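Colleague: Spelled out, the chains give:
There are 2 protein chains.
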Amino acid sequence: MDTAALNLLWSDQLMDGLAAAGVRRIVLSPGSRSTPLVLAVNRHPKLRHWQHPDERSAAFFALGLAIHQRQPVALIATSGSAPAHWLAATIEANRSHVPLILLSADRPPGLQACGSNQTIDQVHLFGTQVRGFYQAGTPTDDPQALAHIRRLGIQATHQALWPAPGPVHINLAFQEPLTPHRIAQRTLPGPSVPTSHSPVQPDPRQLQRLARVMISGRGLIVCGPMPQDAKFPSAVTRLAGQLNCPLLADPLSGLRFGSHDHSRLISRYDSFLGNDHFRHGARPDWVLRFGAAPVSKHLLEYLKWPDIHLVLCAPWGDWPDPLHQTGEMVRAAPALLCNALSDACTASETQTWLQGFTQAESAIADITAPCESATPREQVVIEELIDTLPDDSLLFSGNSLPIRQLDSWSGQAAKRLRIIANRGASGIDGNVSTLLGLAAASEQPVVGLLGDLTFFHDMNGLLFARELDAVIIVFNNDGGGIFGLLPQAELETFEQHWLMPTHLDFTHTARLYALEHYRIERQDQFRPALRKALSTGGVTLIEIMLDRKLSLFAQSRYRQMADLKLSS
Amino acid sequence: MDTAALNLLWSDQLMDGLAAAGVRRIVLSPGSRSTPLVLAVNRHPKLRHWQHPDERSAAFFALGLAIHQRQPVALIATSGSAPAHWLAATIEANRSHVPLILLSADRPPGLQACGSNQTIDQVHLFGTQVRGFYQAGTPTDDPQALAHIRRLGIQATHQALWPAPGPVHINLAFQEPLTPHRIAQRTLPGPSVPTSHSPVQPDPRQLQRLARVMISGRGLIVCGPMPQDAKFPSAVTRLAGQLNCPLLADPLSGLRFGSHDHSRLISRYDSFLGNDHFRHGARPDWVLRFGAAPVSKHLLEYLKWPDIHLVLCAPWGDWPDPLHQTGEMVRAAPALLCNALSDACTASETQTWLQGFTQAESAIADITAPCESATPREQVVIEELIDTLPDDSLLFSGNSLPIRQLDSWSGQAAKRLRIIANRGASGIDGNVSTLLGLAAASEQPVVGLLGDLTFFHDMNGLLFARELDAVIIVFNNDGGGIFGLLPQAELETFEQHWLMPTHLDFTHTARLYALEHYRIERQDQFRPALRKALSTGGVTLIEIMLDRKLSLFAQSRYRQMADLKLSS
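Quick mapping for you: the protein sequence lines, in order, are chains A and B. Numbering follows the numbering used here, with no gaps: position 46 of the first sequence is 46. Numbering follows the numbering used here, with no gaps: position 38 of the second sequence is 606.
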């Protein structure tokens, strides 16, 4: 068999391995060395693919595809610096536990380290950011070797999902020629080896210890950013009911919206936990934390009580506790832990403790800073957005300001709405592509809320827009508005070095990518534009023209009004 | 001293170390954690800075700044995935020996590996792609520690330049607070520790061996891509004169243009080394190679003669020989080796051997495939471009097709013209930013020649355009035209998976970034547009609208005509 045919046979086996373990979606970038992989994707009956010439956008799009149902997605790029553009998305996938399979084409060993063109050291290119790295061997038709490369596809997929979901890298060297003269029949798909999601059961002795702690004092459940788990909302709200304790839900916990019990659910804590009047006497005896560190800085500050018993449920072996105060580390699936604790506990605490939280939540709920100006304001945009989105929408939030503003103002409701963000490394990178990847994976309306620097950083991602439906809302305050809230705002070179405004008119961006475009300069233009965007196909860019000073003023007025209400 | 003041003091010392070793230019991206570094840059009297919100563009811009005179340039980014976007430019800097100093801000050890926000494992983030990695300690006012961090700045700069120029990474962790309340006076700049560029002298015994080989048979000097060295052109042309041998000069060798002796210089070899008639009997006894592997595939193929003596001059310890046939590896500075060999050798070979090459060169020189159409053609564009560019221009070439087309058609001339490309990893990435970095570093006209996918990949780089003068010529054949020359062109899904056309109208890109824009649809529009662009300030985009089929046809007609001439 000639080399090109061997390369293809080998790639067929790898792709069939990926498919056998459940991979269905692949994102390609162009190149020559990756030809055998692309040919194999193209003729595998179970694989669907997307493509993008910028590998960075391709990787974040794959991340978006994979986040939706936490299903593994593969990436293919050619040799050289091409796969290097995957690094930022790989870091995000690592930190936020998204299954990605990175397939980098490479030049064969005989062309390594000798100045050959488009050849770099791709071994362990992603360092400690991947769950596993495999250097695939040289394509051959030896049946054992073919069985090995197929198994590697299966194994990498399993490893990307369990025990800790994340990225896995396979580096594949191909000798020329890469394009077969005649493309032979591919072998029939082999048997599947489906992935399992064996949940980790809580340790029974630990459970007894925990139950004793939780029924003996005032407690709090805190749910940070976590992957969607259909069983978790009912399990954790049942536990909060048994313990009669407040349940503080991060915007990325999946708990603020949905038909589960909301009676003990607290979403506006960022606006009252910083209040001295509230905090006085609101010291919990224990805290049970799920998920990653919450977005709210006030919540993190609040949790710094000395001598409280902090229980952290972390099913993946990592230690997500930036406060360094975990007293009990529980290795268990969150829903299983909730159910087991619910069975073991009944509340001992009086209503008063819970009431402090629920009363603060409702006291805050109606506050909107008065404003004479018609200029759009973030709080109002967010409230109207949440109100307008239909059931089952996905709301993708940018980092920096949008996620913090959603944290403050999303509220909670029985509406089915899921909020997603790249909160692993919390970068301003790749957000457009992630959002469009979500849109490609979902049948439901997908809406993104991004800052203008975040939008700028990944404009290349808009090339994906052509065949997708999505709404991208950009809070345009011309620069990194978050820095206006930080001490850097006082510096002389603040605007130049921290705000870094681009002064770009995104009208031209919208034209370049044929997006519908609305520039919202008055608050009352927003809701009609959003309704229109949701009802038409394609990608719409809704640019909210903000006044940075007004935003700061409104935000500080809001805090004052909240403080006033809480003190009364 | 409070932490913010310590952070700044520490950063002052580092910046002063960089400056003491000769760093003058820094490229910043926005962020909070990097605040002490940015403040220190801002108040150091010797440091000039640029900025860009996309760290990928920032890094390639730094590469362009550094290439011009091979002077070290530093990068600053905040913690998290931000520095990850430097990876592709770091790979290019590594492979093409460009001195970059990567300064990544990080969170302190106490916030590592515990799920803290915007915190990733930044230790050895660039793996084997850097000359050195340093984990800076915790900022303190201990005089020894301050001396250490200053020295680290000096050391990193020296290491980025010698013995093998390339990137060096320093990771700097800062504890909050990051912004001092009052910014104290900075300490006076310390003494400088200038870098040295000690050239490597050839080994005298090796020199004798080489001289014996070179005077005893027919030889060839081949110069591949190499950094500019003002002494090299005269040294190598003198050596070619002494040996009376052909000197084959890659477009990136710095030899095709300039006032040195051109009498033995061959630039059109790609068009005749593949010709059987020429190759027959044109076997050299020895080949002396300088620089990286040449762009021309025909040249690489031609060099595969069995049993020729291949001498490779590689001053940096790497082994740039993808043909695996080096018989003598010379560790010496190229100009020094040429001079030493010139002193030791006189020609023994008759004129005939040299004449074969010079006659082929001039036989090819006038060929242009006839064409009825007014549509622009690459060969004519390149010839007019070379002809129109004023003395001392810098011509930056994209990879993929442009560099190969320049290789075929640039010719040679006494005009002072320098051709530069990112030929380390030969990616289609970061080219716009590199080109604009060159423009920022140079007083002379800077013109880029890029394919449309290459242009698309780094459109974000255009944000640098505002204060610069440059001309960007885009060969727009809507997709990866190079694949049309490869076997992949025969594949059914060729257009979709290899060509990957974006179908974008770059008129909107030009408007977004306020570029002058010409769409060239007829060949005769090109030269006036180029002249206009060169005479006005700012950045001009000259888009050459190509017809992919016509280009292929013209290219194959050119080959036919060349073969015919060589056989007659």
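Derived by calculation from the structure, the hints in this document are not laboratory data. Do not rely on the hints blindly, as some may be mistaken.
To be verified - Short, incomplete list of chain B residues facing chain A, as computed with Cβ under 10 Å:
#, residue
1, Leu615
2, His617
3, Leu679
4, His692
5, His749
6, Ala752
7, Leu756
8, Asn843
9, Asp997
Unchecked claim - Rough simulated footprint, nothing fancy, chain B against chain A, three-plus residues with beta-carbon under 8 Å:
#, region
10, 74-84
11, 451-458
Since the structure is predicted, the reported quantities are computational estimates derived from the model, not experimental observations. Cβ coordinates follow ideal geometry from the N, Cα and C atoms, glycine included.
Colleague: All hints are to be evaluated individually against the structure, with a verdict given for each.
Modeller: So, going through the hints one by one against the coordinates:
Contact between Leu615 of chain B and chain A, as hinted, is not supported at the beta carbon level, the nearest pair being about 13 Å apart and thus beyond 10 Å. Using the Cβ-Cβ criterion of 10 Å, the hint placing His617 of chain B at the interface with chain A is satisfied: the shortest such distance is roughly 9 Å. Nearest Cβ of chain A to the Cβ of Leu679 of chain B: about 6 Å, under the 10 Å cut. The hint holds. The beta carbon of His692 of chain B is positioned within 10 Å of a beta carbon in chain A (closest approach about 6 Å), and the interface hint is therefore held.
Taken as an interface hint, His749 of chain B checks out: its beta carbon lies about 8 Å from the nearest beta carbon of chain A, inside 10 Å. Interface restraint check for Ala752 of chain B: the shortest CB-CB distance to chain A comes to about 14 Å, outside 10 Å, so the restraint is violated. Given the 10 Å rule on beta carbons, the hint for Leu756 of chain B is violated: about 21 Å separates it from the nearest Cβ of chain A. Hint on Asn843 of chain B is violated. Least Cβ distance to chain A is approximately 23 Å, over the 10 Å limit.
At its closest, the beta carbon of Asp997 of chain B sits 6 Å from a beta carbon of chain A; the interface hint therefore holds under the 10 Å criterion. Note: the region 74-84 of chain A has 4 residues with beta-carbon separation from chain B under 8 Å; the three-residue rule is met and the coverage holds. Under a criterion of three residues with beta carbons nearer than 8 Å to beta carbons of chain B, the stated coverage of the region 451-458 of chain A is upheld, 3 such residues being counted.
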